[in-house]
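> Protein sequence lines, in the order shown, are assigned to chains A and B. For the first sequence, position 30 (counting from the first letter as 1) is numbered 30 according to our numbering, and the numbering increases by one without interruption. In our numbering, each residue carries its 1-based index in the second sequence increased by 304.
Just so you know, these hints were derived from the structure itself, not from any lab. We put the CB at the ideal spot given by N, CA and C, even for glycine. Honestly, I wouldn't trust all of these hints.
[Stated by the list, open to error] Which residues of chain B face chain A? A partial, calculated answer using Cβ under 10 angstroms:
(1) Gly-325
(2) Phe-326
(3) Gly-331
(4) Tyr-381
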Amino acid sequence: MLKAPFDPVQLAIPFFILAIVLEILLGRFGKARAHYEVRDTATSLTMGLGSTIAGALFGGVIFATTVWVYQHRLFTIPMNAVWAWIAVFLLEDLTYYWFHRLAHERRVWWASHVNHHTSTHYNLSTALRQTWTGGVAGTWLLWLPLSFLGFPPAMVAIQKGISLVYQFWIHTEAIKRMPGWFEAVFNTPSHHRVHHARNARYLDANYAGILIIWDRMFGTFIPEVDEEPCRYGTVKNLGNFNLLHNVFHEWIGIAKDVAGSPRHALGYIFGPPGWSPDGSRDTSHTLKAKWRARVGADSTDQRI
Amino acid sequence: MDKALLIQLGGSAAGIAVLVGFTAWMGVARPTPPLDAESARALLALEFPDQRPDRVWISADGAAVIARDGDAALVLYRRGDGYVARDLPWSAIASLKPINGRVRPRLSDARPVFAVKDDVWPPREFA
């Protein structure tokens, strides 16, 4: 099957809205930790709508490419087999981990993903703050190997949707910790708070989609510690609420840097965010090093 | 453009407006009382942990802070219910001209407005 018979994300939209209303009410009446700022919320929701439109505009290219790859597949994997769904669940989640890690560690893909991190709040509306430029950035190419292996494009699309829906509920401060076994295996609000934090100790961590095991396996897991509450947003928070600035500021930053010094274009485009030829700017790596120097922590132990 | 798509977009935009209105009505933003000396110092320590500013000025409305650390100006201002931190050369701050009790430093992505008492600039904290 090529085209997905349903889109989990579309189906979940009423749930998204109800959950946001519930979280606001819980925050309002002091039953849970939840803060919403009006312009921040407006930005998040509008980013979500814009992302859907951008996705529709670019969807044809992505779908056509995926079908073409599937036509040259290695195997034919049945869509009605339980083992196939287990396999696509694991492989899609692994793909997501690497997509997400690249999206944070390489500036050209960060330019597309940074919008999701510009809110200084961490609430359910933040989950809807999605990219408009993902199609251009080409990160969708990372999912093509699944179709090449033989997973039907519809199956991959459904699993991607399930992953996105799963990731909605973890964007909250209302839930402190899940049971230990759940925290060990799955991505949770606590793990993802760390991912959205701008504290130096928490940078570049917890890239998981559904399963946190990938971060544990690949050494990017950092637990949330109560003595250092997460502060949200980007290392250098945006100075305004301008929607277009939010969407394009990092792309514009790359263009300015490349135009100013074309011979360093590769570094500016594919280096880590904050990379500069003379090292005068901060990257996550340098920020963490400074933090470790301040707290005197053993540089090999990220838990401290 | 497809009529169904237009209806869907219009409906979505209306839904966003309702939800944003609901957020405003509920008033669940973080409290941001005017900054005083202690809270300003705490915020500076959080945002500029490697710097030790010796002089600190708080705007007349308590919504912004400028601190001096040698040739650097550390700027903090309220945006929504949070704060934005920027550092810039001290000369860019020293050369500001107050107009109607306001100074507007030029940052890379914003021109925030800082309330100044008595139109005096630089304020006595930086004299």
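> Could you run down the list of hints and mark each one as holding or not?
Each hint tested on the structure:
no.: 1; hint: Gly-325; result: holds, 9 angstroms
no.: 2; hint: Phe-326; result: holds, 7 angstroms
no.: 3; hint: Gly-331; result: holds, 7 angstroms
no.: 4; hint: Tyr-381; result: holds, 8 angstroms
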